[in-house]
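Asks: What follows is each chain in one-letter form.
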Amino acid sequence: MKPLPMWRRYARILGPDPAADVKDELRFHLETKTDDLVAQGWEPEAARREAERQFGDLNAVQHAGTQIGEKMESRKRLQEHLTDTLRDVRYTFRKLRRDPGFAVVSIVILALAIGANVVVFSVVNTLLLRPLPFPDSHELVWIAPPPRSCGMSCATYSSDAYEEFRDGSRVYQGVTGYFAFSTADNLRLTGRGEPQPVTSIDVIGNFFRVLGVQPSSGRLFTPEEERGKSHVALLAYPFWQRQFQSDPNIVGKAIELDGTPITVIGILPPTFDFGAVFAPGSRVDVLTPLNLDQARDWGNIVTLVGRMKPGITTAQALDDANRVADDMYFNTKYPQTKGRYKGDLVPVPLKDYVTGKLRRSLIVLWTAVGMILLIACVNLSNLLLARAVARGKEFAVRGALGATRGRIIRQLVMESLVLSGAGAAIGLALALIMISWLAHQGSLALPLLSTLHLDGEAFTWTVFIAVGAAILFGLAPGFRMAMVNLQEALKDTGPGAGLGRKNDRIRSILVVSEVALACVLLVGAGLLLRSFLKVLDIDLGFQPDQSASIKVEYDDSAPTFPASVEKHSVIFQQILTKVSSLPGVEAAGMVDYLPLGQNREWGTPIPKGRTYPDGTLPGPLVYVVTPGFIHAMGIRMHGRDFAWSDDLKSPRVIMINASAAKFYWPNEDAVGKILMDGQQELNVIAVVDDVHEDSLEGQPGWQIYYAATQNGPSGAQLVVRSSLPPAELGGTVLRALRELNPQQPAAEFRPIRSIVDRAGSPRRFFMLLVGAFAGLGLLLAALGIYGVISYSVTRQKQEIGVRMALGASMGHVRGRILLSTLKLAVIGIFVGSIISLGSARLISALLFATSPWDAATYAGMAFVLILVALLSGFLPARRASRTNPLIALRSD
Amino acid sequence: MDRYKLEFFRGTLDVLILKALVWGPLHGYAITSLIRRQSDDALLLEEGTLYPALWRLESKGLLEAEWGLSENNRRAKFYELTVEGRRQLRQETKTWQAYAEAVSKVLSATQPPVAEESA
Numbered sequence: 001m002k003p004l005p006m007w008r009r010y011a012r013i014l015g016p017d018p019a020a021d022v023k024d025e026l027r028f029h030l031e032t033k034t035d036d037l038v039a040q041g042w043e044p045e046a047a048r049r050e051a052e053r054q055f056g057d058l059n060a061v062q063h064a065g066t067q068i069g070e071k072m073e074s075r076k077r078l079q080e081h082l083t084d085t086l087r088d089v090r091y092t093f094r095k096l097r098r099d100p101g102f103a104v105v106s107i108v109i110l111a112l113a114i115g116a117n118v119v120v121f122s123v124v125n126t127l128l129l130r131p132l133p134f135p136d137s138h139e140l141v142w143i144a145p146p147p148r149s150c151g152m153s154c155a156t157y158s159s160d161a162y163e164e165f166r167d168g169s170r171v172y173q174g175v176t177g178y179f180a181f182s183t184a185d186n187l188r189l190t191g192r193g194e195p196q197p198v199t200s201i202d203v204i205g206n207f208f209r210v211l212g213v214q215p216s217s218g219r220l221f222t223p224e225e226e227r228g229k230s231h232v233a234l235l236a237y238p239f240w241q242r243q244f245q246s247d248p249n250i251v252g253k254a255i256e257l258d259g260t261p262i263t264v265i266g267i268l269p270p271t272f273d274f275g276a277v278f279a280p281g282s283r284v285d286v287l288t289p290l291n292l293d294q295a296r297d298w299g300n301i302v303t304l305v306g307r308m309k310p311g312i313t314t315a316q317a318l319d320d321a322n323r324v325a326d327d328m329y330f331n332t333k334y335p336q337t338k339g340r341y342k343g344d345l346v347p348v349p350l351k352d353y354v355t356g357k358l359r360r361s362l363i364v365l366w367t368a369v370g371m372i373l374l375i376a377c378v379n380l381s382n383l384l385l386a387r388a389v390a391r392g393k394e395f396a397v398r399g400a401l402g403a404t405r406g407r408i409i410r411q412l413v414m415e416s417l418v419l420s421g422a423g424a425a426i427g428l429a430l431a432l433i434m435i436s437w438l439a440h441q442g443s444l445a446l447p448l449l450s451t452l453h454l455d456g457e458a459f460t461w462t463v464f465i466a467v468g469a470a471i472l473f474g475l476a477p478g479f480r481m482a483m484v485n486l487q488e489a490l491k492d493t494g495p496g497a498g499l500g501r502k503n504d505r506i507r508s509i510l511v512v513s514e515v516a517l518a519c520v521l522l523v524g525a526g527l528l529l530r531s532f533l534k535v536l537d538i539d540l541g542f543q544p545d546q547s548a549s550i551k552v553e554y555d556d557s558a559p560t561f562p563a564s565v566e567k568h569s570v571i572f573q574q575i576l577t578k579v580s581s582l583p584g585v586e587a588a589g590m591v592d593y594l595p596l597g598q599n600r601e602w603g604t605p606i607p608k609g610r611t612y613p614d615g616t617l618p619g620p621l622v623y624v625v626t627p628g629f630i631h632a633m634g635i636r637m638h639g640r641d642f643a644w645s646d647d648l649k650s651p652r653v654i655m656i657n658a659s660a661a662k663f664y665w666p667n668e669d670a671v672g673k674i675l676m677d678g679q680q681e682l683n684v685i686a687v688v689d690d691v692h693e694d695s696l697e698g699q700p701g702w703q704i705y706y707a708a709t710q711n712g713p714s715g716a717q718l719v720v721r722s723s724l725p726p727a728e729l730g731g732t733v734l735r736a737l738r739e740l741n742p743q744q745p746a747a748e749f750r751p752i753r754s755i756v757d758r759a760g761s762p763r764r765f766f767m768l769l770v771g772a773f774a775g776l777g778l779l780l781a782a783l784g785i786y787g788v789i790s791y792s793v794t795r796q797k798q799e800i801g802v803r804m805a806l807g808a809s810m811g812h813v814r815g816r817i818l819l820s821t822l823k824l825a826v827i828g829i830f831v832g833s834i835i836s837l838g839s840a841r842l843i844s845a846l847l848f849a850t851s852p853w854d855a856a857t858y859a860g861m862a863f864v865l866i867l868v869a870l871l872s873g874f875l876p877a878r879r880a881s882r883t884n885p886l887i888a889l890r891s892d
Numbered sequence: 001m002d003r004y005k006l007e008f009f010r011g012t013l014d015v016l017i018l019k020a021l022v023w024g025p026l027h028g029y030a031i032t033s034l035i036r037r038q039s040d041d042a043l044l045l046e047e048g049t050l051y052p053a054l055w056r057l058e059s060k061g062l063l064e065a066e067w068g069l070s071e072n073n074r075r076a077k078f079y080e081l082t083v084e085g086r087r088q089l090r091q092e093t094k095t096w097q098a099y100a101e102a103v104s105k106v107l108s109a110t111q112p113p114v115a116e117e118s119a
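Protein chains in written order, with the working numbering: chain P, 1 to 892; chain W, 1 to 119.
Simulated from the structure, these hints should not be mistaken for lab results.
Any given hint could turn out to be false.
Straight-line alpha carbon distances no greater than 30 Å define the calculated DSSO-like cross-link-like pairs of lysine-lysine that follow [what the hints assert, rightly or not]:
hint, chain 1, residue 1, chain 2, residue 2
1, W, 19, P, 76
2, W, 60, P, 71
3, P, 649, P, 567
Here are some of the chain W residues that sit facing chain P, going by a computed Cβ distance under 10 Å [unchecked claim]:
hint, residue
4, 20
5, 55
6, 56
7, 67
8, 76
For glycine and all other residues, C-beta sits at the position ideal for the given N, C-alpha and C.
Isolated chain P (complex conformation) (with noise of 0.2 Å):
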């Protein structure tokens, strides 16, 4: 074989051509066999043929050439690309360890950034994104009346009206609800040693096949138990692992609750969390089947729950309802109560109504963590941008020894891989720690958030941002780099040449952008502060430090209501007198329902001889409560307490809150007035604070308190208010009521601060971590501002030894500088002011009593961002000034 010459090579000059390859292979064949048939003797036009016989099916060993040869090319270029890339990589793990300080702080920059982003990304997911865990859920509407500044009374409907929608609507393949009336621990878990607090939920017998939930063992209602009837009842899957050890026999056997044997029919699935979907922050361990006959007369006590027929909109669905609701009565049996729910039947998407209000709060923290990922690439664009001065030599001399700009740019994107890659990892690890935390967190009131885990889903989010921070750090010094001019580089010696001085201001710029970020996180951070702070200030009503409360369990059943009432005022009597006398317990009281948590209402009341039309008037939260509990939950009264003689046989008593007294009688005392509940006459003895009852930021609305002794209370609280810790005093209390009920299971002794603070919780799970965000931006940012002003003082260390040679004091030097710092983080604190101000209307929604232009934010931010700013330029400023001008002239 002779080597092809150099003038013969010009065929493949564009690249590989794998068909034409085979083509001229195959042809070269038949020629030269031809020419040898032809030397044989034979004619060349036989010769040819005879060839190309010879040679069989020419077509198809030609396609199986092309064939083979295009995959060979391609596997010869991804190997061609992976050796390329491995050598890439190996130089930049040299690289890196040449430079530990830089690959360090870079890589933990990135990993809390990143780290915080899947973090985010996986709350967002969880609450926004993902469809909520039941099957089809996008059918599943919540339906309930519009909102109002009433409690869960209004959002809840009778047995009857429940019925009626039911078989009047045509829209939904089945509606569901449960019982919204039942409080945390209200039932005992007897008969296995000491009684344990469980907390039960009634649904309609329907629920889990409306939901599509199925049992991870056992089996769901029948049709007979879904009336409600039967003893039996589901249990959660986490009271079962941990009351029940995980036994699977317990399927089919009685458990007791209350002392009621009742039978356990089925576990419920790991997945199914009715707290995390209904009931936030709270958690519920046995379902049971409703009886819609028992509680017909009750009110209104259920919530609504619908599966839509599929294709259907929630616009027909209202359309439905409304047709519907015409119909409806309250109670069959007064006729007069028909058509009462017209309107206040709007199904909604149920995600909506779980999750709709964290919208914002989402966008807002989504937003605020990336703007942190931004600060991040923002901050190590600066860093790399610093090394590629450095570096802007050997990038000059690969150049010149043949390295394409492709080339190098590669070599600085990988160099980001690797960085943001290892960034990733950390950040990975950070994010399934905080996670994991955040998902045990059983007393933030956050939706769903039992269900947050890392998921392909967030790791595919985590790649993502990986790649997109590399990219968008690596790239702008990538093409700095690649741009040098050979000559000028290579000649450049000293740090003070032409590149230097271009890079100078793109850091400049870099760091002002960086200041502007790290700006608009701490207006926001500041504005979430200031509203919290106001949210603590709120006047609730009532005083919940010092104050705790516990569970009580008692036993009033008597055949008619009088004798019951009887037999639980004595009951509570003896109770609260026993507890009151405790040591350091200043006051003790009984009530139904907490503050902030659930409450119901009963009607409206009206002052003797008025009349109002009809929907007029609010609807007024009842609570049954013991002489002694206004003052054990410190809300401030005027009037007289209840006693303990204001019994069945005295006039109906009654406290009104200021809401209520002020609406009946505007400008007189509301004390010794009368109101009618019907033919009832009720003597209001006392006006009473508002309470904030429903929530913590929302108005108020009316509310009425009626005498345990004298009512039917659907189960007791006590409240006792002592100087001591909860947790001291909360043995005591047990043990006290043990004597006087050995069955008063171990209910957990709760400070009312506790309950306020889980009202309070999404906010300040919010505050904190937009906080946190922006004290991360903030640091990022000082750390910015001092490589930039640290840099810029030793490239230009000869100039500042001139000036001090000539007479500049160390005072003037310093000046100088911290000058140029200031100037950079001013300029970043307006461009961020701006973009602040600008997107005020998407945080004004979070806000509580503050506005997104709070003067007083914005000045703050600015104080901490020029003090930071300067704290950072003080360092280098101070090298600078001592810097001795005869070494400095000296030196290179």
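With the hints as your guide, set chain W onto chain P.
Replies: Positioned in the frame of chain P, the structure of chain W alone reads:
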């Protein structure tokens, strides 16, 4: 002499190609001629089938190809054994010989085998 048309066993062509290249790089046409001459024209090769076999060997890394000039000054693709190809040839030759020996032993037997006592 009669010309036997010997069918190729699967994989045999590959060994023959490897063997043909032991003495140095050759182009496809030269390989066909060489195989024919060395088998004394006993092995009739449909020339077209040679090429897919060559390309397969090339893609497996047993052969390396390079464009060069043929004796008649035409552009031709020359194949050469790689180290891996030489190793493969040694291996295949051994297998082939053992196989042929075993088959021929059986075929040239003149006595029935002695029945073995079962232990």
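Asks: Look at each hint and say if it fits the structure.
Replies: Evaluated hints:
{"no.": "1", "hint": "19/W / 76/P", "result": "26 Å, holds"}
{"no.": "2", "hint": "60/W / 71/P", "result": "11 Å, holds"}
{"no.": "3", "hint": "649/P / 567/P", "result": "14 Å, holds"}
{"no.": "4", "hint": "20", "result": "14 Å, violated"}
{"no.": "5", "hint": "55", "result": "4 Å, holds"}
{"no.": "6", "hint": "56", "result": "7 Å, holds"}
{"no.": "7", "hint": "67", "result": "5 Å, holds"}
{"no.": "8", "hint": "76", "result": "5 Å, holds"}
Violated hints amount to a single one, hint 4; each of the other numbered hints is respected by the structure.
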